[in-house]
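Chains as they are written, first to last, in our numbering: chain Z, 1 to 337; chain E, 1 to 337; chain A, 1 to 337.
Everything labelled a hint here was simulated from the structure, so no lab data went into it.
Nothing here was measured: the structure is a model prediction, and the numbers come from that model.
Straight-line Cα separation of at most 25 Å, BS3-like style, residue types lysine-lysine; simulated pairs:
| # | chain 1 | residue 1 | chain 2 | residue 2 |
| --- | --- | --- | --- | --- |
| 1 | E | Lys180 | A | Lys180 |
| 2 | E | Lys123 | E | Lys53 |
| 3 | Z | Lys147 | Z | Lys116 |
| 4 | Z | Lys122 | Z | Lys56 |
| 5 | E | Lys180 | Z | Lys180 |
| 6 | Z | Lys123 | Z | Lys154 |
| 7 | A | Lys245 | Z | Lys286 |
| 8 | E | Lys286 | Z | Lys245 |
| 9 | A | Lys180 | Z | Lys180 |
| 10 | E | Lys245 | A | Lys286 |
| 11 | E | Lys123 | E | Lys77 |
| 12 | E | Lys122 | E | Lys53 |
Derived CB-CB ranges, DEER-like:
| # | chain 1 | residue 1 | chain 2 | residue 2 | range |
| --- | --- | --- | --- | --- | --- |
| 13 | A | Lys56 | Z | Thr299 | 34 to 42 Å |
| 14 | E | Val176 | Z | Ile268 | 27 to 35 Å |
| 15 | A | Arg184 | E | Leu255 | 44 to 52 Å |
| 16 | Z | Leu60 | E | Gln334 | 45 to 53 Å |
| 17 | A | Lys331 | E | Asp144 | 40 to 48 Å |
| 18 | E | Ser249 | A | Gln59 | 43 to 51 Å |
| 19 | A | Asp243 | Z | Asp295 | 22 to 30 Å |
| 20 | E | Asp144 | A | Gln292 | 32 to 40 Å |
| 21 | E | Ser249 | Z | Asp93 | 56 to 64 Å |
| 22 | E | Ile136 | A | Glu251 | 41 to 49 Å |
| 23 | Z | Asp177 | E | Gln334 | 39 to 47 Å |
| 24 | Z | His269 | E | Val287 | 25 to 33 Å |
| 25 | A | Lys56 | E | Ala74 | 49 to 57 Å |
Quick reminder that beta carbons are idealized off the backbone N, C-alpha and C, glycines included.
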Amino acid sequence: MTSRKLFSTFCNKRLSVNGLNKRSVGCYSTSSAERQYIPRRTVMYVPGHDLKKLRKIPQLNTDCAVLECEDGVALSKKAEARVNICQILEEIDFGPIDCAVRVNSVSSGLIEEDLKIILSAKKLPQTVLIPKVDNIDELNYFTDIMKREINRRKETNYRPYLITFIESGQAVMNMVDIIKTGLRFSEEGVYLLDGVVFGSDDFCADIGATRTSEAGELIYARQKIVMTAKAFRLQAIDMVSIDIKDQESLERQSLEGARMGYTGKQIIHPSQIDTVNTAFTPSHDKVEWATQLLDAFNTHHQSGQGAFTFRGSMIDMPLVLQARNILQLVKNIQRKQ
Amino acid sequence: MTSRKLFSTFCNKRLSVNGLNKRSVGCYSTSSAERQYIPRRTVMYVPGHDLKKLRKIPQLNTDCAVLECEDGVALSKKAEARVNICQILEEIDFGPIDCAVRVNSVSSGLIEEDLKIILSAKKLPQTVLIPKVDNIDELNYFTDIMKREINRRKETNYRPYLITFIESGQAVMNMVDIIKTGLRFSEEGVYLLDGVVFGSDDFCADIGATRTSEAGELIYARQKIVMTAKAFRLQAIDMVSIDIKDQESLERQSLEGARMGYTGKQIIHPSQIDTVNTAFTPSHDKVEWATQLLDAFNTHHQSGQGAFTFRGSMIDMPLVLQARNILQLVKNIQRKQ
Amino acid sequence: MTSRKLFSTFCNKRLSVNGLNKRSVGCYSTSSAERQYIPRRTVMYVPGHDLKKLRKIPQLNTDCAVLECEDGVALSKKAEARVNICQILEEIDFGPIDCAVRVNSVSSGLIEEDLKIILSAKKLPQTVLIPKVDNIDELNYFTDIMKREINRRKETNYRPYLITFIESGQAVMNMVDIIKTGLRFSEEGVYLLDGVVFGSDDFCADIGATRTSEAGELIYARQKIVMTAKAFRLQAIDMVSIDIKDQESLERQSLEGARMGYTGKQIIHPSQIDTVNTAFTPSHDKVEWATQLLDAFNTHHQSGQGAFTFRGSMIDMPLVLQARNILQLVKNIQRKQ
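For reference, chain Z alone in the conformation it holds in the complex:
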């Protein structure tokens, strides 16, 4: 077997992604394969009914800002939140911040109205978050409305990133099916499934567990979710640390989540941003490794050699892509400073 053929074998192997991710070639059209990696180390909720807080988003150092329609907004304020969000989408320059909207769940009965109004805004969010997806039926229902509302607009090239929430025992059980369905719709071009969030508090309520700061009661769900998300090359966003004042616990949980493979964490207060960003930023060693590996890869690739060893290990495409994502993440971080 020639080394060229060997290399093509590597390239056809599904693409791994590590703490960072990108989907397999062939899984998506060229256009999506070319889409940049969107860092979401920090995913911060900002209540949609609170215009003052919404307007402060550009000053925040969060990677992703979530314009919130769901749990952070009382039922009596849902209508107000939707209107505010449309206004803010038009008014604010989010710059390097990933602009996301979290709609209400399918089971709430509010999601159709959410999508109708938000997808009629002049500017649209880069990312849509859908909470409490327990099974395929709910994702199908959401996707149907998405398609309809996107088609209603004149421009038809809108295709947001999609992030789904796993927040119940059924959702953990059905997670593989939910992801596969989401990836199928992504291939069709409706959206681009890009990540999964572990909604630990609703999960605990659902199965009757009690959350502790150590989160020992969540090991099974937390590790199954990150493994499954990463197995499909999706981002994995870890649970919220609720006690805003406890920075020590926040740091411990963040580092722990990063070690498990999570790429980011939900936050609910600006005071949590820096600690979490730091925990999910690749270390200096990792960046150096990525830089040198890509240099070696480029050299070998130009000479047509294909597979190669680096620091004593044989390098395959997953590692090359990991390295690329690390450098892309670092570049995006620097762009913000």
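Go by the hints and put chains E and A onto chain Z.
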């Protein structure tokens, strides 16, 4: 969408249950939906061959007393145990205690004889426990015998609660299928699948693990079992603490199990009852929360408003049912004092 | 039911295996059922390109020696490694050591060449290890080449033990299907699937996790893998301890793995052998239990009594087989001393 329509959306959503449980409307006939929640914080085994111990059951403060045919009874005493159990079922007034019988496993070859004799007793147990269910075939086999033996009686309205045991690697792997099969038979009216027990010691023997007091080697199975049981709105009964003298370890394990979402625990000695009951009793705060939530729900429901917020969160039906179960459990506990 | 019939019920029940293992009667042909249990407490990699190290294998106290083609061998040395391995297979008397070869993964594009050359050696390895099996397709691909290369030889009764590696999120997800496929090919007689290895470092790289010495980030995968392997009565080989100098950590990890149900551990240096062998050797108490249980079993079996109680527990066939495996393992260990 009107609030009335919204409310109906909530009601049709599957019913969540927390530390406590009740199945979805539609899943069972009206009659079963009306069945009371049976607390089983403590599930205590009493060997069927020991008439003296059996007669002491009414003095025990256990939620559930198990008249035991299986592991607690030597092979040479099986016949005696069956006869004793029939006698005790007739003789004793169990009062508020859930009266259960644990038959032998399908693979023991003893289960048919167990069911023949026990289901011919004058009074029948409220609950049947079937150990070592490794796959659907075993549950089908058991259910066929149940049907036949129940039909043999004149009164045909006997329909016990059923609790199955997960005690092997295969059982953990097949758990979802086993539960779905049990729920299907429940819809048919043979029994009412009401809970799952984690048989940790047989599980360890099956996979060659060694049990420690900390139970670190059991995290995967223990948390998968509770999550899956709760995802189907079943009770989840945690592993036995074997060392009867170690009250500290018993308390730690009980609290840990309750935090994971277990609703009760198996016990093997009266000295374990109080500690375990306490660990699985809802806290004062939780009872207060449930009382106030149900008050708010009733107010909104009467005014036709449907969905509502309570203490800052939007309330859905799962939370309403959780609250109901908490109060029902507390009521049952008080009934016994 | 007569005790004879009862006993036959026991015997038809799938055979359990504990820390040690043997597959169910009926699962394999008589010949395979008669195959001895091969202890693999220590599974040590020896790089195929290093003739000097290969020649030292007979002096090692490892249970299994792996002639390594994969990660331990640079791309430029693969050809040399294959030739060396063929030479060593012929040259060395492995004595009581299980002689294994680890080929490259299917996705490397190197496996066909590996198998062609190694399966043309004069003497063949007792065991073949295939790394990075992520799905059924890869196992099918490997098996096709195995069949073809084995058929090419004149003697056709070669049937190695097969051990597969679980080293990615997809592999953990697909593990049950992979094992079932491997068992089907085992029934056909191509090989005898005998164990599963947890490749923790590639797994971490795959899902973007970071390995720590405590391995808290691996609980889900590590425990799911051992449970699933044991549920199918396969050996389970635990992760490598990378830090060769840290004997304390090695011992802790070994004892922990043994408690979880693993039957052995991968090692990368002779200094790790003794610690790991000790951790995975049955204790004196366990050996005594096994000896007495088998004595009791033989007595009852000869008298035609079938099922029986021993030390207060009813004994079923799984326990009998566990006892047998323990004694067989001990016998094999003694043979080496």
